[in-house]
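Undergrad: Given only the sequences and the hints, what does the whole structure look like? Please build it.
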Amino acid sequence: MTRYAQQLGARFMRMLQMAGQIVFLFQDTIRCLFHYRIRLQLLIHQIDFIGGKSVPVVIITGGFIGAVFAAQTEFQFKDLGLSSGVGPVVAIAMCRELGPVLCALMIAGRVGSAMAAELATMKITEQIDALRSLAVYPTEYLIVPRFLAMLISMPVLVGLAILCGIGSGYYVAVDILSVPGVYYWDNMVKYTHAKDVWIGLVKGFFFGIIILFVGCNKGLEASQGAEGVGLATTEAVVDSFIIVLIANFFFTFLLNALL
Amino acid sequence: MTDSTSQSKSPPLVRLVGVEKKLGRQKVLRGVDLEIREGENLVVIGRSGGGKSVLLKHILGLMQPDKGEVWFRDKDLAKLSEEQLVPLRKETGMLFQNGALFDSLTVGENVAFPLRERRSVKEDEIRAEVARALKIVDLPNQENKWPAELSGGMRKRVALARAAIARPALMLYDEPTSGLDPIVADSINKLMIRLGDELNMTSVIVTHDMVSAREVGDRIALLHEGRIYCVGEPKVVLESEDPIVKRFVNGISDASDAIF
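Protein chains in written order, with our numbering: chain A, 1 to 259; chain B, 260 to 519.
The hints are simulated quantities; they were obtained by calculation from the structure and are not laboratory data.
The C-beta atom is built at its ideal place from N, Cα and C for all residues, glycine as well.
Each hint should be verified, as a subset may be incorrect.
Heads up, incomplete: computed chain B residues facing chain A, CB under 7 Å, no partners named [said to hold, decoys possible]:
id : residue
1  : V345
2  : F355
3  : F361
4  : L364
5  : R375
6  : P441
7  : I442
Label pairs and their computed distance ranges (CB to CB) [said to hold, decoys possible]:
id : chain 1 : residue 1 : chain 2 : residue 2 : range
8  : B       : G438      : A       : S223      : 20 to 26 Å
9  : B       : D325      : A       : Y36       : 27 to 33 Å
10 : A       : T2        : B       : G510      : 26 to 32 Å
Beyond 10 Å from chain A on every Cβ pair, some chain B residues (computed) [unchecked claim]:
id : residue
11 : R284
12 : G298
13 : S307
14 : Q323
15 : R348
16 : G438
17 : V495
TA: Set out below in structure tokens:
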């Protein structure tokens, strides 16, 4: 019993420690952003890695989620005679929840883990010390370009996921399940507002920041050895999943009230 | 046993005073006092895991001491923040144990890194310098290879080129010859001497390799149980009758050191 309480306490302390480290890293990143010249070459490389190379997974994720969501909604709505209501339901769900959350989970799996692994490897092979020894401030060189690339890429990726979801939803409902296309489209345009799109994009923006800092923190704090790299990678993915899902709950209420 | 050499006139470039460092629960450094004079090659020997690399990292400010002072010229590194240390590190270079080359950059980009960071050097000059540096470390025309394609010895030589290309005043070597065949090791020794002579670099060399210590060192310091046990000219240290020094220099293990 005591041991269980101790373990729980230790886990809680680790969580607090991580939160503290992330706050400091965030503060340092923002300061470096204004303090140093931005490294364009690294930024472009990171945009390509975070944004460009994520496009296929995001298209597949958004597309198939939109498709099944439209199908399931249609199966239920058909009996109620509400088939043409599928359009707005799919669009709003994609914009507000499915687009940003699923896109964030994919990016956490693809980018967050890669960042944690890369930084952890750099740390245990002394590459970060080498960077410091060559008179380069690591936050400025390693974190700032990733941070900016994430800020730029994430809303675009979320937007892409939403578009693909809505498009595939339309295809499934209208072309496969024969919902009247004009009504579907009309209702969708009528009941989906700019606010819904904004909520999705803003959520995506913040999820990107969460994924980035959790991944970078896990990488930079990795301990010795190959095991450390594996652990950092796993923790980066699991922790950012959990934080994104919990944060999403609060964002839903907050953004609904604000926007 | 203390400093057995006659005091030289040149002022110390680096001075460590009572440096203590704890890593985890282990006290690695227990009060290191050491002076590194301008232009000399100081070899630091000591047992594996005895804190030699930790000592080097303190000289560069990569680690902060728990207690004590680390003076580089007229600045106490222990009191500076990471960002205040950045300009000072333009005067220093370090060769890491396994090279620590950046995996994401090619050999050429790795070697050019310190020059590109200066921003004042022109691109064609950088290319010429890189080619020259790679030729000196006996790896000509390898600019476009990736670090992963190189052997351990080649990585180390590339890392040496990277550390020395901006001609730092102080070079730190972390086991430069470990894991290399005797011929490559000898070439690295000669390179270290050459850099010291031609560019008037001050060097601190951490090593287990007694051949290297004898060849390169102007002075040898023995780090034992977290303190500098003795410092002196190679001849004096290597021929010392002190049991601890003698055991280390000649590589004699105690019955209690045996691992079964």
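Undergrad: For this structure, which hints from the list above don't hold up?
TA: 4, 5, 6, 7, 10 and 15
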